[in-house]
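Given only the sequences and the hints, what does the whole structure look like? Please build it.
Number of protein chains: 2
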Amino acid sequence: MAFLAAEYRYLAIFVVLIAGVLAAVNMSGEGRSWWIAVSFVIGASASALAGFVGMRVATDANVRTTHAAKSGLSKALDVAFSGGAVMGLTVVGLALIGLAGLFLLYTKTAIITPVDASGNAVTGWLPKLQTALNVITGFSMGASSIALFARVGGGIYTKAADVGADLVGKVEAGLPEDDPRNPAVIADNVGDNVGDVAGMGADLFESYVGAIVGAMILGLSFPSVADEAIGMGPVLLPMVIAGCGILASIGGTFFVRTKEGGNPQHALDLGAFGAAGVMAAVTFGLAKVMWPSTGTNGVTWIDVGIATVIGLAVGVLIGMITSYYCSMDKAPVNGIAEQSKTGTATNIIAGLGLGMQSTAVPILLIAAGVVGAAHFAGLYGVAIAALGMLSTTGIQLAVDAYGPIADNAGGIAEMSHQEPEVRERTDKLDAVGNTTAAIGKGFAIGSAAMTALALFAAFTQQAGIDGINISEPMVMAGIFIGGMLPYLFSSLAMNAVGEAAMDMIEEVRRQFREIDGLLEGTAAPDTARCVDISTKAALRKMVLPGAMAISAPVLVGFTMGPEALGGLLAGVTVSGVLLALFMSNAGGAWDNAKKSFEGGGYKMSDGEVHEKGSEAHKAAVVGDTVGDPFKDTAGPSLNILVKLMSVVALVIAPLLAAMN
Amino acid sequence: MAFLAAEYRYLAIFVVLIAGVLAAVNMSGEGRSWWIAVSFVIGASASALAGFVGMRVATDANVRTTHAAKSGLSKALDVAFSGGAVMGLTVVGLALIGLAGLFLLYTKTAIITPVDASGNAVTGWLPKLQTALNVITGFSMGASSIALFARVGGGIYTKAADVGADLVGKVEAGLPEDDPRNPAVIADNVGDNVGDVAGMGADLFESYVGAIVGAMILGLSFPSVADEAIGMGPVLLPMVIAGCGILASIGGTFFVRTKEGGNPQHALDLGAFGAAGVMAAVTFGLAKVMWPSTGTNGVTWIDVGIATVIGLAVGVLIGMITSYYCSMDKAPVNGIAEQSKTGTATNIIAGLGLGMQSTAVPILLIAAGVVGAAHFAGLYGVAIAALGMLSTTGIQLAVDAYGPIADNAGGIAEMSHQEPEVRERTDKLDAVGNTTAAIGKGFAIGSAAMTALALFAAFTQQAGIDGINISEPMVMAGIFIGGMLPYLFSSLAMNAVGEAAMDMIEEVRRQFREIDGLLEGTAAPDTARCVDISTKAALRKMVLPGAMAISAPVLVGFTMGPEALGGLLAGVTVSGVLLALFMSNAGGAWDNAKKSFEGGGYKMSDGEVHEKGSEAHKAAVVGDTVGDPFKDTAGPSLNILVKLMSVVALVIAPLLAAMN
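Line by line, the protein sequences are chains B and D. Counted from 1, the first sequence has number 31 at position 31 by my numbering; the numbering is strictly sequential. Counted from 1, the second sequence has number 1402 at position 402 by my numbering; the numbering is strictly sequential.
These are calculated hints, taken from the structure and not from any lab test. Be careful, since some hints might not be right.
What the hints assert, rightly or not - Between beta-carbon pairs, the in silico distance windows are:
{"#": "1", "chain 1": "D", "residue 1": "A1528", "chain 2": "B", "residue 2": "P176", "range": "54 to 60 Å"}
{"#": "2", "chain 1": "D", "residue 1": "E1615", "chain 2": "B", "residue 2": "H375", "range": "37 to 43 Å"}
{"#": "3", "chain 1": "D", "residue 1": "V1171", "chain 2": "B", "residue 2": "L49", "range": "53 to 59 Å"}
{"#": "4", "chain 1": "D", "residue 1": "G1020", "chain 2": "B", "residue 2": "T294", "range": "53 to 59 Å"}
{"#": "5", "chain 1": "B", "residue 1": "K170", "chain 2": "D", "residue 2": "A1012", "range": "55 to 61 Å"}
{"#": "6", "chain 1": "D", "residue 1": "G1020", "chain 2": "B", "residue 2": "H375", "range": "51 to 57 Å"}
Even glycine gets a Cβ: it sits at the ideal position worked out from N, Cα and C.
Here's what the structure looks like:
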């Protein structure tokens, strides 16, 4: 938790800083920006709190899962999954409570006074609603800022500690994995929780909030919402769908049960797919009840239901594709394992090629989802599809957080010398965790893409621009610059890992050299120092990429105009999603290609078996090391980049509209 | 030349096939598409002829350069550069003669009859001019098709042979580089010429033609061109600028002289920059004389001159940036060399990070170039900037083709046991060649980007669409799919290399096993068989990526509409240029990081010297092997992808316009 203490301190400073800037920019003369700042702080706090709870629960669940594995597989699954479920439901619960609370506060009290262009107060429901939703974008931006910390900072933290612990502790000093004599081990373990639990939680928190806010703002495009009494369906539906999604997720958790000797994968699938199936049906019911009969530009409740289901389907399919490309015993990973036979270079080339290839189907699915959802319900349909995809985030995140819990439980079983069957059971849980992690990563990228598009659509509406014409040179330039930013962002993140790892390596070497009796186990390592290095490096090195993500939309928006900013967002979304898919899938595939050689060894197509320690395995280890910053730092950080830039654009949109 | 014979046979079939399809699609009832097919065949033939001449001259120049090096550095530079100059001037000469000839044919004879929408013949200058320029797009598409063969097929060919020759011949059998007993050596040597000479030539031929055609078509947007007598400046200027660029290039070649002990780099720079400087001045003069005084929508001759100079400047700057990222003794390459100390994984990560980072400045330059050129002369300005960048292609290509000639001359000096000072002189020429090759690759990517944008702008005009609005779901989907294609294309190209190399490895092993006395030098290898494998693999494996590049715009255009096709082109251009910069620069940097260890060894920042054969050098060799398909196959192929898709869209644009 040491990282938390330090990171949360800096994070608080950062949040206050941004909030101050937001508050200072008095957006339209009536103090609205103060409330954006308040929303921002609340959004940031809710996300940070969810991450904190998630990490605490996950840490506790590790030990308890090992303990439960003594009584049987079913019990162990129950405990491990419950840990994940607490995390998942905390995230969606806090997100929805925060959003709904602020919405009621801003629409039902008089604390916000809408004004017209010349600064005079105006009355009426519609101006109030518009102002309220604009102010609420601050909540979404707060969530994005925490996600930036958790994903970028967390990604740098975890890989710096990982590399330091491995290269000096394992390779140079010959210590086993997780040996307490290794000064960087604590930092490494904390890092796993930061990256896999808090990072993923904050990422999905951001997507969840972004999709709801985006859909609500696009709901303003329907004339019906001017009538508060009977026409508010388009604006309220996103929140209600999200609420029912939480209930469906809770329901889904009850299906996650397995018998001794059963396959935990089936239990998890049943829970997740069950919740998704229920949501598909429920959405139609909700749409039928809530959708206004007039003033909806010809969009019917059936159209809205179909758009939601399209989003759900795209999310599930992208997860499955990702899992295909990253799973052991499937053709892609086996292909990399085969190529390891001729050495490191062919392993790396195969992984890079596979990562590139793996972008094709998910992108076609996203494109089809956008066209399909928009066919039924316009840009609102795109946002509602994003929300459909994310409606069961509660159980998705539960399944996702279950992975690292099961992984750590296995480690604890090993270190505390439990009976073999305990380790066998935790291994079974862990194997499933690898697959769910792959699905979760694909889902996170897919949902980031859809959320970014929803926010982008909301931006175009709020900025009051008619269209963003690619043939305009400014827009063209915006797309080019936007497309480049994910490359620059990734290179900064990867360099940060490299430099932080170097510092860690030197510190671990120094401790082995200077602390007498450390290697003999008679003296304790200075673990706090290693944690400190990772923490400081993570915070220092995320300043530049973070500043870039926040300032680029502001700079482009105010100097090149809102259309160029639209181009920038399109460029960053397309290029960011592609690069994220490429890096995450290549990294995941390299990881499992390496694992293919462990256990009983990998049988090549010529029948020869290559075991752990063989030349082929060594080549695969290098591939895995290259893949680590790809899949754990740069790749997931891009999810944040695309959403954060869109939400910053959305926050400044009214200002841009006022200027034009 | 064996590859040529085989490839040219298939190439002829391919050209006839596409021409047949073009001819069969009777575009608007008056047989215009027959003339598109004729233009296509002429364009393809001109490009193929230029490549053929270039390869012949380069092969001859190799030996003659070695011979000349006996008399001195100055003489050797003269011979090597003359070889390149013949290639460069053949490319630009054939391109311009073909274009100008077809333009005269179609505008000055009665063989083309323009028709209106209902198929009735119309008279007048403007319809004739419009039809003629539309028909001429076939020439550009022909050039693109040959570029596809030379870059994609050539890239697969050369790397398959290279890997096969190295892995079995050098590593397994322990033969030295270029040993005549190695069955794959001939294929490898032919491959170098195919990739570096013919590939680069066809690539720039395509850019050159595309930029001229794009600018001519955009010239139609000025009302003045309706008056054949005094207003044709906007349409004719691109051809005249290109013509003067050839003269400037010829003039520039006279400055490429050096004294004994001088630096050939300065001589080459003087020639290239001198030609560019002269062109900047000449363009203003041409614009002043040719630009009409009325009917130009407020664009003046000064505006046109400035747009041209912007393009020239962007081209030179991108080349310099690329050279910075890929040159020995500069910070980026040294950074990779440093990271080789901790092993292969850190070398690879550093190279990938560097490649990503290297995209930033070139993209900002392109964006600034687009905005600047358009500020002065609208979309015509963007096209004329592309042309400005390409106007001195003659000498650029001469400098570029000089590199492989100097390289091969060194090899011949070594194998024919010349005096040490001969090798010293050729080494001096070769070292410069490495830098010019890096600059040339950057220039090729930059010019591909600008040409694609010019063709894109011409497409929007010809397709008769008002604007391509990113907020439209179809356009959004188009951008996503377009952005994904370069990833898929690259993965196909890289897989093709991997598979073809495997076939080559097996064949070389078979020959060593089955031909008695081969290793002892008493029996000759079956080199023809290896050449055959590379040729067949290159041709077979390029079918899928090639078909994808040609069919994607047609499919998207006719099923999703011209606006979605516009989105597709924007996506493929941005994503393709980024990926090409990333892969080419990472590959170039890895190459030189490896070379840093050769010679006297590389001195790390801690003062330790790591020599050839050290662990750090071995790690750098793996990096170089990973970089090979990046920089020699996938990266350059993307230049072709972005231009080919744009030109296909331009060819079908009138058909799409007629349908809407």
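For each hint, the structure was consulted:
1. D:A1528 - B:P176: 54 to 60 Å: holds, 56 Å
2. D:E1615 - B:H375: 37 to 43 Å: Violated, since E1615 of chain D and H375 of chain B (Cβ atoms, about 58 Å apart) do not stay within the stated range.
3. D:V1171 - B:L49: 53 to 59 Å: Cβ of V1171 of chain D to Cβ of L49 of chain B: about 58 Å, so the range 53 to 59 Å holds.
4. D:G1020 - B:T294: 53 to 59 Å: Holds: the Cβ-Cβ distance is about 57 Å, inside 53 to 59 Å.
5. B:K170 - D:A1012: 55 to 61 Å: holds, 60 Å
6. D:G1020 - B:H375: 51 to 57 Å: violated, 37 Å
Checked against the numbered hints listed earlier, the structure breaks hints 2 and 6; every other hint is satisfied.
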